[in-house]
Amino acid sequence: MEQIGLAAAGGEVSLWSLFIEAGFVVKLVMIGLLAASVWSWAIMIDKTLAFGRLRRAFDRFEDTFWSGQSLEELYRSLSDRKPAGMGALFVAAMREWKKSFERGARSPISLQSRIDRAMDVALAREMENIGSRLSYLASVGSAAPFIGLFGTVVGIMTSFQAIAGSESTNLAVVAPGIAEALLATALGLVAAIPAVIGYNKLSSDAGKLGGRMEAFADEFSSILSRQIDERASTTTSRAQAAE
Amino acid sequence: MRAGLLTSGTLHAIVLGWGLFALSAPDSFDVPDVESLPIELVSLAELTQIQKGAEEARKDGPAAPKPTEKPPVQTEAVNLGENERDQSAPQTEEQKAVEVEQAVLPKPSEAPTPATPPRPEPVREVEPEPQPESAPATEVAALPEPPQAVEPDPEPAAVDSAEPLAVEQPEQTRIPDRVPVPAARPEQPPARTAKTPERRETEPKRQAAAAPKAPDSESIEDEVAALLNQEKASGGGAQRSNQQASVGGQQNTGGSELTQSEMDALRAQIQACWSPPAALDASSLKVSVRFKLDQAGMVDGRPSVTASSGNQAADESARRAILICGQRGYKLPTEKYDAWRDVVVNFDPSEMFR
Numbered sequence: 001m002e003q004i005g006l007a008a009a010g011g012e013v014s015l016w017s018l019f020i021e022a023g024f025v026v027k028l029v030m031i032g033l034l035a036a037s038v039w040s041w042a043i044m045i046d047k048t049l050a051f052g053r054l055r056r057a058f059d060r061f062e063d064t065f066w067s068g069q070s071l072e073e074l075y076r077s078l079s080d081r082k083p084a085g086m087g088a089l090f091v092a093a094m095r096e097w098k099k100s101f102e103r104g105a106r107s108p109i110s111l112q113s114r115i116d117r118a119m120d121v122a123l124a125r126e127m128e129n130i131g132s133r134l135s136y137l138a139s140v141g142s143a144a145p146f147i148g149l150f151g152t153v154v155g156i157m158t159s160f161q162a163i164a165g166s167e168s169t170n171l172a173v174v175a176p177g178i179a180e181a182l183l184a185t186a187l188g189l190v191a192a193i194p195a196v197i198g199y200n201k202l203s204s205d206a207g208k209l210g211g212r213m214e215a216f217a218d219e220f221s222s223i224l225s226r227q228i229d230e231r232a233s234t235t236t237s238r239a240q241a242a243e
Numbered sequence: 001m002r003a004g005l006l007t008s009g010t011l012h013a014i015v016l017g018w019g020l021f022a023l024s025a026p027d028s029f030d031v032p033d034v035e036s037l038p039i040e041l042v043s044l045a046e047l048t049q050i051q052k053g054a055e056e057a058r059k060d061g062p063a064a065p066k067p068t069e070k071p072p073v074q075t076e077a078v079n080l081g082e083n084e085r086d087q088s089a090p091q092t093e094e095q096k097a098v099e100v101e102q103a104v105l106p107k108p109s110e111a112p113t114p115a116t117p118p119r120p121e122p123v124r125e126v127e128p129e130p131q132p133e134s135a136p137a138t139e140v141a142a143l144p145e146p147p148q149a150v151e152p153d154p155e156p157a158a159v160d161s162a163e164p165l166a167v168e169q170p171e172q173t174r175i176p177d178r179v180p181v182p183a184a185r186p187e188q189p190p191a192r193t194a195k196t197p198e199r200r201e202t203e204p205k206r207q208a209a210a211a212p213k214a215p216d217s218e219s220i221e222d223e224v225a226a227l228l229n230q231e232k233a234s235g236g237g238a239q240r241s242n243q244q245a246s247v248g249g250q251q252n253t254g255g256s257e258l259t260q261s262e263m264d265a266l267r268a269q270i271q272a273c274w275s276p277p278a279a280l281d282a283s284s285l286k287v288s289v290r291f292k293l294d295q296a297g298m299v300d301g302r303p304s305v306t307a308s309s310g311n312q313a314a315d316e317s318a319r320r321a322i323l324i325c326g327q328r329g330y331k332l333p334t335e336k337y338d339a340w341r342d343v344v345v346n347f348d349p350s351e352m353f354r
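Chains as they are written, first to last, in full-length UniProt numbering: chain S, 1 to 243; chain E, 1 to 354.
What the hints contain is simulated information worked out from the structure, not anything from laboratory work.
This one's a predicted model, so the numbers in the text were calculated from it and none came from an experiment.
For glycine and all other residues, C-beta sits at the position ideal for the given N, C-alpha and C.
Take these hints with a grain of salt, some might be off.
What the hints assert, rightly or not - Here are the computed distance ranges between Cβ atoms for each label pair:
| hint | chain 1 | residue 1 | chain 2 | residue 2 | range |
| --- | --- | --- | --- | --- | --- |
| 1 | E | Pro38 | S | Val25 | 44 to 50 Å |
| 2 | S | Leu149 | E | Arg341 | 39 to 45 Å |
| 3 | S | Asn170 | E | Val34 | 16 to 22 Å |
| 4 | S | Val25 | E | Leu5 | 25 to 31 Å |
| 5 | S | Gly165 | E | Met263 | 24 to 30 Å |
| 6 | E | Ser36 | S | Leu149 | 35 to 41 Å |
| 7 | S | Ala162 | E | Thr306 | 21 to 27 Å |
| 8 | E | Asp294 | S | Gly165 | 42 to 48 Å |
| 9 | E | Arg341 | S | Ser14 | 51 to 57 Å |
| 10 | E | Met263 | S | Ala162 | 28 to 34 Å |
Build the full structure now, drawing on both the sequences and the hints.
Dropping the structure here:
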C-alpha cells in the first residue's frame, strides 16, 4: 500500500507539480524570482530600444549640427520640443549663451565657465536618464542566485523533515522533495544570468553614449569659446578704432 | 517601459507554458537488469562457535539434555573448630545413618560411590547440610541413562548392601562424631555432567572435607583422584554451556546462528505469502508468531501468536502466511537446524514493504 503511494509521488516531476508541492516559503521565493526575471527582462528590452533611439537621434543631430546650418536656427528648432541627449546639451549651452548676451554681460571668461557648467549639468542629467534602472539589473544578477539558494535550502530542510517522518530513505521518497527544492535555485539562475549579461551590455552601451555626449560637449564648448574670443577681439578692436 | 514589460511578460508566459508541457515528465532512467552477486558474510561467531568436545565423553551421549534448573541456594555450613558437622542445622537421622554405614563398612574407600548422577548424595551427606535430600533439586538426576553401563562397578554388591543398611538401621548406632571416611570418591565421575550450580558449590566443601580424611584413605590414588576431580567439568558446548559433555559432533560445528542473509531468505519466503489486512495505521499491526519446523522445513504443529497486534485479522493473516508457505517447506540450511527449529517471526506491515 505504501509502495503505491510512493510510486505516485516519485512518478510525476513536472514543473507544475514541483511548484504546487513546494512549501510556502519556497513558493514565495519562486514567485519573487519569476517577478524579478519578468521585470529585468522588461528593463533590458526597454533600455535596448531606448538606446537604439538615442543613437539614431545622436546621428541625426550630429548630421544637422555639422551641416553648416546656423546655430541660432538649430536652437530655435530644438528648443520648441524637449530634446534628449546631445540636443539637450546644445540647448542648455545656447540658452546660457543667449542669456549672457541679452543681459549684456561682457566678461568672456565667466561666460565660458558658465556655459561649461550648464553643459555639465545637462550631461549629468542625461547620463542619469540613460543609466536609470540599470542598477536593478545589477542587483538581480548578484542577488537572485542567493535568493534561489535560500529557497532550495528551506525546501531541502522541509523535505528532510518529511523524510524523517516517513522513516524511509528510499530514493523515491527523497528525490521529489529535493527536485522541488532545486527548482528554486534553477529559477534564481534563470533570473540572474540574463540580468548579468544584460547589465554588462547595457552599461557599456550607456558608457559609449555618454562618451559621445561628452565629446560633443567638449567640441561645442570649444566652438563657443572661439566665438567668445572672436567677439571679444572684435569689440576690443572696435573700441580701439573708436579711440 | 510598458512595451518592455509587456514583451517580457509575454515571453515569460510563453517559456513557462512551453516548459509545463515539454518538461512535464522526464524519462525515467533505464536500469539494466544487473544480476546481483550473492554475498555471504561469514560471521565470526560461525567460527568461534565451533563446539568444543570432551574427549572422555560418551560416544553415544545424549544430544540435548534438559537445561539445568537452579537449585535453592545452600547456606554455608557452620563448623566450629575441627568439628565436621554443621552446627547450624539439627542432626537428622539420615546423617547419622550414613555415618554409621561408613563406619560399618570394612573398606569404604574402595567402595565405589554410586556412579549415577542421582547418587552422589551419600558422599556429600558426609557433610551435614541443611538439605540432605538435594537429589531431586538437580536436574542431572533426571537424566535417563545410567552411566554405570560405561564404567564397570567393581563392587556393586557393596553398594547395594550399604544402602538398605543405611535406611534400615538409622538409630541403632549413634556415633555422630566419628570421622567419616572418604568423603570424595570422585575418580569415577558418572558421566561428566554439566556443571550444575550445586556441583560447583559443593566442590570446595568436598575439598575441605577431604583434607582431614587423607590419613584414613590408605592409597595415594585416592588423594590423586580427589585432586584431579577438583577440575571443573567442561561443558558439552562452548566453554560455559550447560549441556552435557559430548565428543563434539557434526551437528553443531557450523555455528548455530542463522546469518543475516539466511534470515532474510526466510523472511522473503514468508513475505511472499503474506497479505496483511488493509488498515489506516500499518504500524499498529505488528504480530509475533512462533512456530516449530521439522528437518524438512515443514511447519510442525500450529503457529502460535506470541505477541498479538490486537487485530484478529492481522494475527490470522500472519499465521496463514506461515502455514501457506510452509506447505512447500522452507528452504533453510539443514546443518543449522538447531537454529531454526523454533522460529519467532515478527510481522510488521510498515517494515515488510520496504
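Status of each hint after checking the structure:
At about 47 Å, the CB distance of Pro38/E to Val25/S agrees with the hint of 44 to 50 Å. The beta-carbon spacing between Leu149/S and Arg341/E, approximately 59 Å, falls outside the hinted interval of 39 to 45 Å. The given range of 16 to 22 Å is respected by Asn170/S and Val34/E, whose C-beta atoms sit roughly 18 Å from each other. For the hinted restraint 25 to 31 Å between Val25/S and Leu5/E, the CB-CB distance of approximately 27 Å keeps it satisfied.
A beta carbon spacing of about 28 Å between Gly165/S and Met263/E agrees with the range 24 to 30 Å that was offered as a hint. The beta-carbon spacing between Ser36/E and Leu149/S, approximately 39 Å, falls within the hinted interval of 35 to 41 Å. Here the CB-CB span from Ala162/S to Thr306/E is close to 35 Å, at odds with the stated 21 to 27 Å. In this structure the supplied range 42 to 48 Å holds for Asp294/E paired with Gly165/S, their Cβ-Cβ distance being about 44 Å.
About 55 Å separates the C-beta atoms of Arg341/E and Ser14/S, a value consistent with the hinted range of 51 to 57 Å. Taking 28 to 34 Å as the suggested C-beta distance range, the pair Met263/E and Ala162/S conforms, at roughly 31 Å.
Comparing the model with each earlier hint shows violations of hints 2, 7; every other hint is respected.
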